[in-house]
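Novice: Read off the chains here:
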Amino acid sequence: MGMTMTQKILAAHAHLASVEAGQLIEADLDLVLGNDITSPVAIKEMEKMNKKGVFDKDKIALVPDHFVPNKDIKSAEHCKCVREFARKNQITNYFEVGEMGIEHALLPEKGLTVAGDVIIGADSHTCTYGALGAFSTGVGSTDMAAGMATGKAWFKVPAAIRIVLTGKPSRWVSGKDVILHIIGMIGVDGALYKSLEFTGDGISHLTMDDRFTIANMAIEAGAKNGIFPVDDAAKTYMKEHSNRSYTVYEADADAVYDEEYTVDLSSLKSTVAFPHLPENTHTIDEVGDIAIDQVVIGSCTNGRLEDLRTAAEVLKGRHVAKGMRCIIIPATQKIYMDAMEEGLLKIFIEAGAVVSTPTCGPCLGGYMGILAEGERCVSTTNRNFVGRMGHVSSEIYLASPAVAAASAVTGKISGPEAL
Amino acid sequence: MNAKGTVFKYGDNVDTDVIIPARYLNSSDPAELAAHCMEDIDKEFIKKVKKGDIIVADKNFGCGSSREHAPIAIKAAGVSCVIAETFARIFYRNAINIGLPIIECPEAARGIQAGDEVEVDFDSGIITDLTRGTSFQGQAFPPFMQKIIAAEGLINYINRQ
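Top line first, the protein sequences correspond to chains D and A.
Every letter in the first sequence is one number past the one before it in our numbering, and letter 139, counting from 1, is 583.
Every letter in the second sequence is one number past the one before it in our numbering, and letter 151, counting from 1, is 1070.
Hints may be right or wrong, so weigh each one.
Calculated cross-link-like contacts (lysine-lysine; reagent style DSS-like; alpha-carbon spacing at most 25 Å) [said to hold, decoys possible]: (1) Lys488/D x Lys596/D; (2) Lys760/D x Lys554/D; (3) Lys600/D x Lys1066/A; (4) Lys683/D x Lys501/D; (5) Lys970/A x Lys928/A; (6) Lys495/D x Lys532/D; (7) Lys994/A x Lys969/A; (8) Lys492/D x Lys1066/A; (9) Lys1066/A x Lys596/D; (10) Lys596/D x Lys495/D; (11) Lys970/A x Lys923/A; (12) Lys928/A x Lys492/D; (13) Lys713/D x Lys856/D; (14) Lys518/D x Lys994/A; (15) Lys970/A x Lys496/D; (16) Lys554/D x Lys596/D; (17) Lys495/D x Lys1066/A; (18) Lys928/A x Lys488/D; (19) Lys612/D x Lys713/D; (20) Lys488/D x Lys518/D; (21) Lys488/D x Lys1066/A; (22) Lys515/D x Lys778/D; (23) Lys679/D x Lys760/D; (24) Lys994/A x Lys928/A; (25) Lys532/D x Lys596/D; (26) Lys554/D x Lys856/D; (27) Lys492/D x Lys518/D.
Listed below are several chain D residues computed to face chain A (Cβ distance under 7 Å; list not exhaustive) [as the list claims (entries may be wrong)]: (28) Ile481; (29) Glu491; (30) Lys492; (31) Met493; (32) Asn494; (33) Asp516; (34) Ala566; (35) Ser568; (36) Gly582; (37) Ser585; (38) Tyr637; (39) Gly732; (40) Gly810.
Bear in mind the hints are in silico, worked out from the structure with no lab data behind them.
Every value quoted in this text rests on a predicted model; they were computed, and no experiment measured them.
Ideal Cβ placement from N, Cα and C applies to all residues, glycine included.
Okay, chain A solo, but in the shape it has when bound (with noise of 0.2 Å):
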């Protein structure tokens, strides 16, 4: 499984606030809460993403609010991975949970730029930089969490068991 797109950029500590505020958390629709991604801290993110774009930021990325409606919306919005120095954990477990692929790259979200072109091998853990033609080895995921992914979700997983 691979993911390739454009890079948009961000900092430390993008909390799920900002994310998607709670003024739209009045609604659980995907399409609704992707309308509302990142716009307190990058209005122009949801005019310019296309589908299988990708998302790199430094460190505690998804911090704060335990609102799933956040990786919901970023899913939503088209985005085929998110890139990070860390995660905040409880981001982690739901990006995974509903099958939206993460990986953590310290060396990756220090190298690569806004609006790079980036893909993602995520059986490697290899992400590539095609803009400037570097490439990273990112985490991989332990097996356990492999079979969740696999099986698109959590909720899959457990059918399946």
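Chain D on its own, in the form it takes in the complex (with noise of 0.2 Å):
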């Protein structure tokens, strides 16, 4: 029987010949990621093993990224924590503030995720990773404690849903159209405990940012991972990030779908998840008059160099309403760097915006940029759940970074073409 493309690799690191759905196997390691939340209980529980020390220094990644720079005092008793452990175990890759972005997007940046790999994370969104062609699935502190110390962890293998992308998408629309248009069609968990694996020629038409949001919020449909195929776009932006070697896995032509969707980019328009559940989708034109009082560009979903450069496209010359927050929130340094020297964060300040520095801060609630009893925000980050950004009566709609620009101007919910 054929096997998925998610499927060959876990075989592969499992030294199998083949895996089906449903089988338990126990995988090698290429990557094993914590942050700043999660890493610390992950440091308690290693305490607790027989085995000490990390399986390979090289193969952990560590990124205080949530809370940081630390927004209280316990706050930077957890980073000090990770701080102490990654000295102490000599961990190449940790990332201190000022060399630090929001995980999800400073690994792919740092050439530490390329096709063909296994990589865990204790934070959901490590499925990431599957735009490059890697098998990247989140996982819990207990798991990423067990992998630092053996490299190793186990998986039932997933069944896979196929997503066939056809078409161009139109000017305004991006992956997180895309994405937000597939959660809305299979619900939050129309994909639990499977793989999403895209392909079709559509994805010639989406940019590495594209692919990175669209693989980014997977897990937002339940699933364990989402995948694209290897292909030249791929392959030049490992090339351009990357030392290290990379295989290539195809799904077989026999390659069994518990189900299949077309998905046509070319009929997709700027989408928006109301409260409280990623899969409340509308199209903008359906969205009606929703008076907002905050909007967040940034985190690990839109971070981004190309969302920021979408974003600096709407609010050009264009200032934010008045009695509007508008925060945006370069994911990495490198692309803060990259955006300063665009002249994007000019034109974000002149529009009456705040940038800031990499942090997940306000996408989880933590800090830089709560919401209040009541208030509104658009936001281009990955969930909206109830009290997800602040108040438990606060309401977060998801977006595209071209949206929450034109919403940021307009001081309600609304497309680019609305300017």
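Assemble the dimeric complex from its two separately framed chains, guided by the hints.
Specialist: Have a look at this one:
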């Protein structure tokens, strides 16, 4: 029986000729990731292990990004714990404030994730690296601890859903609109325990930043991972960012998929997910008049250079609405620098937006943009759960950078066409 | 191994942000996390929950963030078992890895009501609603996962290997 792309990567890392959906396997890990929220719990678990030390100091990435620069004393203690662990174990890929970024934007940029890898990360959006043709999935702190100690993890081989992308998206439609559309179509548990395998000629019209955004939110459909084929664009990206060799896996022609959907990219419109689930999607033309208080442009989903370029294109020569807060957060130091050199930051500041150092901050209600009672935010982040960005009665509308920037200008949820 | 307690009932898509809001994630102390468990959807939960009580929910319980703080908070609040129609996969892994018993059973998720007294036999997977006199067959864990649960978590399991 044929294997999916995900199954082939897992089989190779479990040293098996083939695997099938539902099979329990133990696979070798190419990278184990943790952040300042999840790593301290993992480090505490590691202390209980008989085996001391880490399996490979070059194959662990520790990225304090959620509550850094430290938002309070307790967060500072967590970061200190991670820093000391990294020092003690001589972790090569520990990224301090000043060289860090939001983990899922940072690791591909640093060349630490390539096609064919098996990667676990104690962060649910670890599935981002599927954009490069890697199997990557989010786990908890205990799995991270076991992974750091042994270099292995257990997996139940996932079944798959095939998403065929066709056509070319129109001007303001981005990867965010594609994935919100898919989540709206299959639901927040539509891909539970499964892989989302993307295929089709429409992929050639999606930039790498689009693909990172799409793979990033596979978890919002419940998926174990989201994965793209490795085409020239992906190869070029890896060549520009990594010295590591990579392996290209392709799904067998007779691979088995539980379900298949076709998405015509040319038919998609800017899409907004209403509170309080990413599946509550509406196209921009059916949104109506919804006044907002804040806009956030950033996060592991949409804080990349292309996202900032789009926001700048919309905000250039315009000003955020009176009384509106527009918070823009480049996802990494390099993106920040590139945005500065391209003049994007100047456009943002002249438009009345605030620009922050890289942090997950407001996405998960940490800091740098917490919402008060009853406030509404249009955000390029990934979750709009109850209380996610602040007060339990506040509301988050998930959208693309283009919609977020346009909404900042009008003060209500708007597409860039409305300007 | 058995669990027995009073049921707290919730609906679909109970996410880890409501199980333990991120504003409390500057701590990793189980007791401190437990003090805020479920507070954004049920402020009464932490006031009423007793040791051994059981959470029953509909589909996709524990969706969202990978924070292991979520099952840690539930376990530290005294909950002995979570029964749901389905679980989000990272929560499922995390619960097994820290030794919080969870069991998938759509019929039990539908049939059991808030406040019922429920008993769960983990060996057989049988869930009994003592209040209503009904019982349900939950999905038993594969042997590999049973070993992790029997070792009370992944770390102990690895230590014993």
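Novice: Could you work out which earlier hints the structure fails to respect and list their numbers in ascending sequence?
Specialist: 2, 12, 15, 18, 23, 26, 29 and 39
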